[in-house]
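Hey, can you work out the whole structure from these sequences and the hints?
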Amino acid sequence: MFLTKKYLPRRTVLRGLGAAVALPLLDAMIPASTALAQTAAAAKPRVGFIYFPHGAVMNKWTPTKLGADFDLPQIIKPLEPFQKYLTVISELENAPAIAEPVHAVTPGTWLSCVHPRVSQDPYGGVTIDQMMAKAIGQDTPLPSLEVATEEEGGEGACDRNYGCSFGKTISFSTPSTPLPMEHNPRKLFQRLFGQGDTPAEREVLARENKSILDMVTGDAGKLRKTLGARDQTALDAYLDSVREIERRIQKLQANKSSQPDLPPTPAGIPDRFDEHIRLMFDIIHLSWQANLTRVTSFMMAAEVSNQPYSFIGISDAFHPLSHHQNNAQKLDRLAKLQAYNTQLFSEFVKKLSTTHDGENTMLENSLILFGSNMSDSNLHNHYPLPTSLVGGAAGKLKGNQHLKYAAKTPLANLHLTLMEKVGIDIDKVGDSKERFKEV
Amino acid sequence: MLKRRTTLCALVALLSVNAHAADDPYAAARKQWDKFDTYCTKCHNNDDFSGGFSFDGLQPEDLATHGKIYEQAILKLNAGMMPPLGQKQPTMDERKALVKALETSLDAVAAANPNPGSEMLHRLNRTEYANAIRDLLDLEINSADLLPKDVESSGFNNVASVLSVSPSFLEQYMLAAREVSVQAIGKPNAAPVSRVYKGAPNASENQHIDGLPLGTRGGMVVEHDFPADGDYDFSVSGLVGAGYVWGVMDENQLIITVDDDKVFQAKVGGKDDLRAVDLKQAEGVGMINDRFRNIRHFVKAGKHRVGVSFIMRSSAETIEPLHGFVPVDGMAVLVQGVSGGPRIDNITVAGPYNPKGVSETAARDKIFICRPAQPSEELACARRILGNLAQQAFRRPVTDDDLASPLQFYSGGREHGSFDDGIQKGLMAILASPKFLYRAHSPSGSSGVFALSDNELATRLAFFLWSSQPDNELIALAQANKLHESATLQQQVKRMLADPRANALVVNFAFQWLHVSGLEQVNPDKTIFPQFTFDLIPDFRKELELFIGEQFRTDRPVGELLTANYTYLNERLSLHYGLNVVRGGQFQRVTLKDPQRFGLLGKGAVLMTTSYANRTSPVIRGAWILDKLIGTPPPSPPPNVEAFPETQEGAVALTVRERLEKHRSNATCKTCHSIIDPLGLSLENYNSVGQWQLKDGDAGVMIDTSGTLTDGTPVKSPRDLALALTKDPERFASTFTRKLMIFALGRNLEYYDMPTVRKIVHNAAKDDYKLSALVLGIVQSDAFLRDKPVLEKDVTVATQ
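Chains as they are written, first to last, in this note's numbering: chain U, 5 to 443; chain V, 59 to 858.
Don't take each hint at face value.
Claimed, not checked - Listed next, the in silico DSS-like pairs over lysine-lysine satisfying Cα-Cα at most 25 Å (straight line):
| id | chain 1 | residue 1 | chain 2 | residue 2 |
| --- | --- | --- | --- | --- |
| 1 | U | Lys229 | V | Lys100 |
| 2 | V | Lys338 | V | Lys325 |
| 3 | U | Lys88 | U | Lys340 |
| 4 | V | Lys245 | U | Lys214 |
| 5 | U | Lys226 | V | Lys846 |
| 6 | U | Lys354 | U | Lys425 |
These are computed hints drawn from the structure, not numbers from a lab.
What follows is the structure, given as structure tokens:
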């Protein structure tokens, strides 16, 4: 038995947890029912949003040459082998991210370009990864995947006025629904491929999960009848989630043939932070290979991360080091750390380049935004942002360019452009003004 | 003396005004209304609209509709934050009169039109889930590994409105239901799983660690749940290293213990190992570390303590420094080389191999309240077992309908496996149900305010005082419909506060209130604080836990949290504080003569949480005091302010105070900093790691701690500050009550809750503001006992 649609009349309607808040703007923004049809025939890119915190030492990120065959300064140097698929975009600003708390709203506004309301309960903008998930993620088991490496960073990811929600995730499925990011590789692996140690055991447990969901639906339905109107709405978010997981199980079973050979379930979180990042990239790669999702968001380190990178000889914690005070030695160490993050990312890109995806490689079919929502970590400013695109987007990205727009061009213009690249025709994202034609 | 008299006068005034309040609730406010024109409308007018509101044209009759603004005004006036520096200031008496008048009118309006607020459908958070499992199954689970971390609101992680649910979230709770039920029943044919336990990166290996056998030093101990009787492989890694050769200088005996029984002992280091590392470097290290991998040992199912440590030797036998060496981030290798001792990076437990079934465990004892002697008894027994578990898990009497699904899962499991397998499936169904995951209040009757049912009340009480589910006594009283009766309620609150589970009020409520989680984030700079070791962090927590715990247990007046003249210390912490009074690793109660360590302000946990890694921050400490103890968090600094000037090489070093003064020379900054800084500067005699210091670390001159609070009180020591903050006992009691009420109700406080807060605090006066009086005041308030269905989502106001 599967869920009846009794309690969930409109799956594409956005709902806040707290109430049936009216979202006219957002309803209009996401043509959820049409996008799927429009994009079904076209090759669908795999979309990744790879976020690193604390910006970049910009003079070691930004190429000096414009156009094709640009130079690659230290921090983006590791991407050199893939320059053909690399676009660096300079002079972008995310003005809606400017706020009193210098870290607490930074991650959560990167992909929305909407300034959140002052409230402990989150209310910001839907992020483009989630808009895409609604449009192109519906025929994979998971509409999207949210991944991190740290549960939380240090002081400053929370704020008195804006709460904690915007500091800990880069994904919002509604203005008031931050999506938690999974940092435990073991849990992530189990969620993607199932609990159980053998394929047979996984199969049994998957069937059991279906029965649990049936039961849960029945229980929630009865509970709902005893509640007031607002609480019923809150429970609807729960029922939405139940339905979503049911759908996922169905898709997974239909999808069984494309499962790659699975490595053993990771035992837990690795000792070394870079091994942890690598492992998360590996699982993301595996999930793309298994066609489990098209849209993935990944925070390589937490906002206000205090990880030391001692494995490359940097003993300073990341966040204090990012307050470099323009001290030359600190800047050197910070740039080295940032280049190392790019190095870890480029290892993932390399894997994509050697994985087949239909007629192409997976890299050719990918559209990856790699960047940060901060510029100079000493000033905590949001201009000019380190921003790059990697992949061929199934033929829709030109690649091998360094583009420089007018000073303080909205980052949201790029988001609007990316939406178009995956086949979603909307007029506006956040404070966007126009699409980029050059990308 | 003068101050006390004024308070008294105000109190008398309040009482007399109250008498008329029934006729005209606005009378009190009306008499003071001209003060707004005198002191406020210069900025808060329709043109300037400072702070986003105006007093222009507002009349006393508007108080209720603009309650949010006026409650804010009361807080700002009380804290001396408004009118801002440089503007015309009311006298202390004027200030108090205006506050009292506003409060009187607001309270009168509220009394005529009570608003208990509304609690949203409440999901169990991670801590509550783990506690509920502990009480339900006698099973400690690692909730951090199983469940996602919860979002906080107003500093607390149990605020219903942000405890949202997403598919990934729900999925994790489903996985958790399976994992917990398997763990509780045990899994006779469990496949091997490995789990890595990381050691603290900078822990000292030189002292005895609590929980490990006496006569050992260093190492780590973990509670591991073994799913079946069987063989398990233990591995210890990162013992020795090459490069800067460390860990092998001389011979140490490493031991592995399970529940204090030694199961393995072997030497590490010494002549042969040193030679191996010297000659073969990494290869040698690999060979040595391999000796400590996959050490197999048979263990019975259930929870056992696994320890790894070294046998303590006399200091004469070692080349280690007599007093602990200092591990430094990144430089650890070098320092370890100097010390010469091996270190324990992490331990891994993998298994079971060759499982031999499941022995009896505490969890199984709790679950199997009957055992079927023959197949025909099985179903009846399963019904008893699952009925018993469901009643506790669902926190109310269960019906046949409630048991239908769990029994169905039981049957499915029994069909393909044993009776135990059936019970495991049934338990999983209970834990996966929204009836376990959610706490709800069902509106009774019409759409207005309604009283909670006794079952709902039992649940609310238990999650407030224990952060867990109600016990059988509460459920029984609720079933008899007696719990809501005033005498019963009081008696139950006293009983619950005396129960060990009430420690949740300390480690869950108080630690969140004081933001102790910040301790882990400070990471003190070892070159500046070589005396600091990371073992002090758990010591700081323990000290605070025992101190606040005693305050609750002995039911002291709330103000004594700031002034009490005792603490709890072990040897390490006592030496850290420069008090040579305790021997050994156990914590002991110490009565203090010197006020340095009195109250919360003298505790290392508080002092370090509010510091930077390399220096103190009077601003962080001041802002912390404003937020946590005074209850009016200062606004964040405007963006793009110049960074605090760090001491540069070669430049003349300035004291923190001098640098602060330089920093706030700007008039805009000064408005807030003149309030924040004196609070923090009075604690300047504590360094970043909470030690008493007389001289500024950078400048090397005597520290000047003097300052003046907004009400004109001079302060120059932590003692002065503690006394100033508790001078008017109602003020601190009010802040504390507001924080406790957020936690108790699981929602943010709104302006319309403030009359309730004032009533609770006012009523607690006759009980000397004892902690139990404030707890009882909350429990007996309408906000706690009643609920109101709400259609529109309330917008949060920053009144906390």
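>> Between the alpha carbons of Lys354 (chain U) and Lys425 (chain U), is the straight-line distance 25 Å or under?
In response: At roughly 22 Å apart (the allowed maximum being 25 Å), Lys425 (chain U) and Lys354 (chain U) satisfy the hint.
>> Hint check: Lys88 (chain U) vs Lys340 (chain U), CA-CA at most 25 Å. Holds or violated?
In response: OK: Lys88 (chain U) and Lys340 (chain U) at ~24 Å, within 25 Å.
> Would the pair Lys226 (chain U) and Lys846 (chain V) pass a check requiring their Cα atoms to be no farther apart than 25 Å?
Replying inline: holds (21 Å)
>> Against the 25 Å threshold, does the CA-CA distance of Lys245 (chain V) and Lys214 (chain U) hold or violate the hint?
In response: Roughly 22 Å separates the two Cα atoms, so the pair holds.
>> Would the hint linking Lys338 (chain V) and Lys325 (chain V) be met if the CA-CA limit is 25 Å?
In response: holds (19 Å)
>> Just to be careful, I want the Cα atoms of Lys229 (chain U) and Lys100 (chain V) compared with a cutoff of 25 Å; is the pair within it?
In response: violated (53 Å)
The structure does not agree with numbered hint 1 stated previously, though it agrees with all others.
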